[in-house]
Structures are given as structure tokens and as C-alpha cells.
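Student: With these hints in hand, go ahead and build the complete structure from the sequences.
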Amino acid sequence: SYFLRHARSRDYVSESEMCKLESVPLDFGDYHPLKPITVTESKTKKMNRKGSTSSTSSSSSSSMMDPLSSVLDGTDPLSLFAAAADPVTTAPATDGARRRRDKDESSAVGSDFEPWSSKRGEILARYTTTEKLSINLYMGSEKGKATTTGSAVSEKVRTRLEELDDLEEGSQKELLNLTQQDYMNRIEELNQSLKDAWSSDQKVKALKIVIQCSKLLSDTTVIQFYPSKFVLITDILDTFGKLVYERILSMCVDNRVSLPDNFSPESVNDTAKETCLNWFFKIASIRELIPRFYVEAAILKCNKFLSKTGISECLPRLTSMIRGIGDPLVAVYARAYLCRVGMEVAPQLKESLNKNFFDFLLTFKQIHGDTVQNQLVVQCVEIPLYLTLYSPAIDWILQCIAYHAPDVLLTEMMERCKKLGNNALLLNSVMSAFRAEFIAARSMDFIGMIKECDESGFPKHLLFRSLGLNLALADPPENDRLQILNEAWKVITKLKNPQDYINCAEVWVEYTCRHFTKREVNTVLADVIKHMTPDRAFEDAYPQVKSLFCQI
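Residue 456 in the UniProt record's numbering sits at position 456 of the sequence shown, and the numbers go up by one each step.
Think of the hints as simulated: they come from the structure by calculation, not from any bench.
One or more hints might be untrue.
What the hints assert, rightly or not - Using 25 Å as the maximum straight-line C-alpha spacing, the simulated BS3-like pairs for lysine-lysine come out as follows: (1) Lys301 x Lys282; (2) Lys301 x Lys195; (3) Lys494 x Lys518; (4) Lys215 x Lys301; (5) Lys205 x Lys132; (6) Lys355 x Lys365; (7) Lys494 x Lys451; (8) Lys365 x Lys308; (9) Lys451 x Lys418; (10) Lys242 x Lys350; (11) Lys350 x Lys301; (12) Lys355 x Lys451.
Unchecked claim - FRET-style restraints, in silico, Cβ to Cβ: (13) His368 x Phe549: 36 to 44 Å; (14) Gln373 x Glu452: 32 to 40 Å; (15) Thr221 x Ala526: 49 to 57 Å; (16) Glu437 x Gln483: 14 to 22 Å.
Quantities reported herein were computed from a predicted structural model and do not represent experimental measurements.
The C-beta atom is built at its ideal place from N, Cα and C for all residues, glycine as well.
Tutor: Below is the structure:
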């Protein structure tokens, strides 16, 4: 027999209601999928990374925090700019705090601070190459130049975005086999092209040129030329930063009255603030890290138009951005540029500069890593030559840090150098940067560090020369003077190269004449004659020999 089956009747509407998840009321006016990263953190003062807010949706999603948020301290660049410009999110400061902040901002470096411009020529003369170089030149674009009547604002925005994208889609021409002089001429052409584009109101083209030049700083194919390349490219960045700042400043003129030097953000009109924000938004959209860092650092001063705390908030973030640069040589010069800009616009913010250098110390061991060693093998560069490439950047960073710094900071630096095996390169830069009085008071400590240091291609006699230069300017403790001379001369007298010997002896003869009798001076001079007489070596060192005897 056959049995007829009938389908069970079902109420799909009621079943659907039963299976639905419990609905939670949601205020769409406060909703954003990235809220834990952007909105909540930027509007919460001094919020730690594990903190939660009163919003139910935010606290429930905080456990799924994006990994990048830890680097950005809970905020992204665009939210930072927006928050800085939003008067509602900025709590009014007390009158006392405002007066102190104004006083800090008015402080500037004095004439005793050696400017970067004085080091420029020396770097260009020292770091040269005979190898062939390459460069990418911006060739311009015809895209989007034809306009239609009555074009909307959205069309203009889309055209500008297409122009920016065009730079990364091949609107460049690579020039190969350039000599060093050809390379420098091309860079100067780009600098002039930047000025011409700006004067003809082609701001997007100017930005493209700066982005393109910044990208060149990621290239280390001719590594011994990198310090000079850094000097040339940052000249263009400085030009761009100055042009942007002056452009925004000119928009603040009201009734033919310009802003005073120590103006406050409250006196900046909305048009100027909007233009300033627009520049920061454009730069924040640059895809690659190195050009985004350099271009933003170049216009760091423009934060003054938006907020009194803008610069102090941006410096730590830019310092953290450098951690993403893998090549240690490229990273240390990025740190040097940030210190350079920081000393120009906010010399009182020493804490950020110190953090910048301490970050470098944490990554210092990368210099001896496999990646760098393999790169040096490919380019046939020895480690002593490679280490000298770091000197201009490290010397500059330490000069900025040591400027008017207390001696406690020197003690901290010495401790950190000891943890890194008393690296000779770092020791030399520390002794060159800090005040001679601080170095002289710790002479025996430095001698102990020099004796135990890891030379790594940086000779110890250069360290004793740097120590001697400090002792020529400041006196060490009286009880240590003879021991200091004995320890230094033990190293100097063993030098075989006459030029190395006389360069060190010249410094320490002055120290001997200042602190000892004729007996010690005659002993030192006898050693000089012994080293410089064979093969008439003194003929190649007349300036040093003359300087030496003038001190007696």
C-alpha cells in the first residue's frame, strides 16, 4: 500500500522572529566601524591603550583593537589633525599654564648653537663617490588638464586625486649612469622646478616633486654617497616647508596687518586653518612611509596655526613613525632631520628629542646584522667606511640633545653606551657633543670606557684625540691629571702612521704644557721627534708641527 506524506505546515514569520539575535539599540549618529581606534581615543584625554569608554559598543570591541593602533597610541593622523582643530575637544588652559607655554615657545636657540648650515659644506666635500648614480624625474602629466564649463567642486577634487595617484603610476623618468655632479645638477633642477610650480600656483605639482625627492632617501644603492644625498634632498624639503608656511601666514593678514611672531592659534582665521588642515590631510594620504614622514616633518611648523600643542603632539608620533624604517642608515638620518626641524620650531621640547635618540640606541645593533652586512658585501664597502656614514647624523642628534642639557643626561648617555659595549662611534659622538666641563670631570670614566670599547673599525686613538680636545677647554680633577696623560700616551706612542700620531700628539702636547713641568713636556717632545724624524715624515705634517710648537 502507498502512504501519502503531507508537508508539515510552518509559520516562517514566527520562526524567523524566534531565531533573530537580540537587538541592541544603536545611535547611528555616534557610530563608526573604526570608533575604538579613532573617535573614542582622540576624544579621551590621556586614555591608556587598555582603557574603555562609557559607550557600550566601544568597550565591547576594545578587545579586538587593530595592531596598528598600538603604534599610533590609539589614534590615526587624520583624527589627530581633526581633534587639534576642534575647539570642543581642547580644554581651556589656565592663565598660568598659558603664560608658561608662551614663554617656552618664545625660547629659541642662541648663537652658541652651531647651525646645520655650517655642517652642510663639510658633508658634501667629505662624502663623495665616483660610482654612477640614478634618479627619477617627474615628467608632468596631461591627465585632467582639459576642463569643462561648469565643472563641479567634486570634479576638481577628483582631478587632484588622480594627479596625485598619477605620480605613483609611472609619470616619472629614470635617469641612469649619472656622475655625482650630474646628480647634484638634477637635484638643483628639481629644487627650481618646485619654486616655479609654486609661483605658478601649481601646488599639486609642487607636492609631487617633494614626494618624489623624499623617495630618493630610501635608496642606498651607492651607500657612501648617502650623507651628501641627504643634504641635497633636505634642502628641497626645507624650501617646501618654508613655502607652505609663508603661504598660510599670508592668508592670516587682516586689514593689512600681519600676525606677530608669537601669534596664537586663536588669531588665525578659518580660511588659513582650513588650508593648513588641507595640507596635512594631503600628506597623511601619501602611501609610502619615508616620503610621508619627511614631507610632514618639513611642514611641522605649520601646526602653530592649528593648536598650541600641535607640535608637541606631532613630534612623538613622527618619532614612532621612524621605527617602521628598516634600514638603520636611512632611519638615523630621518631622526637627524626630525631633530633639525624640532630645534628650529620647538627647541624647548627636549624630551621628544631624547626619545628620538634612545630609540636609535635600541636599534643600534642592526648595524651589525646580516642584512646590513650582506648589503656591504654587494657594494664592496668595508665596515670602517660604513660606520663613518653615521657620524654626521649621530653628531647632529647629540648636539641637539646636549644643547644646554644638565650633566645628569651625560651620565645617562654613558650608561647606555656601556650597555652597547662602549661602541667607539657612539663614544666619540658623545664626547664631541656635550660640554667640555662635563667631559673633563669624568675623564677617568671615559678612559675606562675607551680601553674596553668595541672599536668596530673606529680606532681608539681618535677617541683619545676627542678626549684631548675637551681637556684643552676644561681642566680635569687635579688628582687624575697625571694618570690621564699616562693612559692617553700609552696609546698614542704605539701609533705607526705618522699622520695619525701627530694629529693626536698635537692635542695632548697642549694638555701637558698646561698642567705639568718642563720635565714632562720634554719627555713628550722627545717622543714626537722620535716618531716624526724617520723618512722626514714631518714634511707632510708642517701645519700640525707648527701648531704643536706654538703651544710650548
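Student: All hints are to be evaluated individually against the structure, with a verdict given for each.
Tutor: Status of each hint after checking the structure:
In summary, the hint linking Lys301 to Lys282 is supported, as the alpha carbons are separated by about 16 Å, within the 25 Å threshold. At roughly 19 Å between alpha-carbon atoms, Lys301 and Lys195 fall within 25 Å of each other, so this suggested pair holds. In summary, the hint linking Lys494 to Lys518 is supported, as the alpha carbons are separated by about 23 Å, within the 25 Å threshold. Taken as a hint, the Lys215 and Lys301 pair is honoured in the structure, with Cα atoms around 22 Å apart against an allowance of 25 Å.
Of the pairs offered as hints, the one joining Lys205 and Lys132 is violated, with about 28 Å between alpha carbons and a cut-off of 25 Å exceeded. With a C-alpha separation of about 17 Å, the suggested pairing of Lys355 with Lys365 holds against the 25 Å cut-off. The hinted pair formed by Lys494 and Lys451 meets the criterion: a straight-line CA distance of about 14 Å does not exceed 25 Å. Proposed proximity of Lys365 and Lys308 is contradicted: the alpha carbons are some 37 Å apart, above 25 Å.
Distance hint between Lys451 and Lys418 is fulfilled; the C-alpha atoms sit about 12 Å from each other, no more than 25 Å. Distance restraint check for Lys242 and Lys350: the Cα-Cα separation of roughly 23 Å lies within the 25 Å cut-off, and the hinted pair is therefore satisfied. For the hint pairing Lys350 with Lys301, the CA-to-CA distance comes to about 16 Å; that is within 25 Å, so the pair holds. At roughly 28 Å between alpha-carbon atoms, Lys355 and Lys451 are farther apart than 25 Å, so this suggested pair is violated.
Checked against the given bound of 36 to 44 Å, the beta carbons of His368 and Phe549, roughly 43 Å apart, stay inside it. Under the hint 32 to 40 Å, the C-beta atoms of Gln373 and Glu452, about 24 Å apart, miss the expected range. Taking 49 to 57 Å as the suggested C-beta distance range, the pair Thr221 and Ala526 conforms, at roughly 51 Å. Checked against the hint of 14 to 22 Å, the C-beta distance between Glu437 and Gln483 comes to roughly 19 Å, which is consistent with it.
Checked against the numbered hints above, the structure breaks hints 5, 8, 12 and 14 and satisfies the rest.
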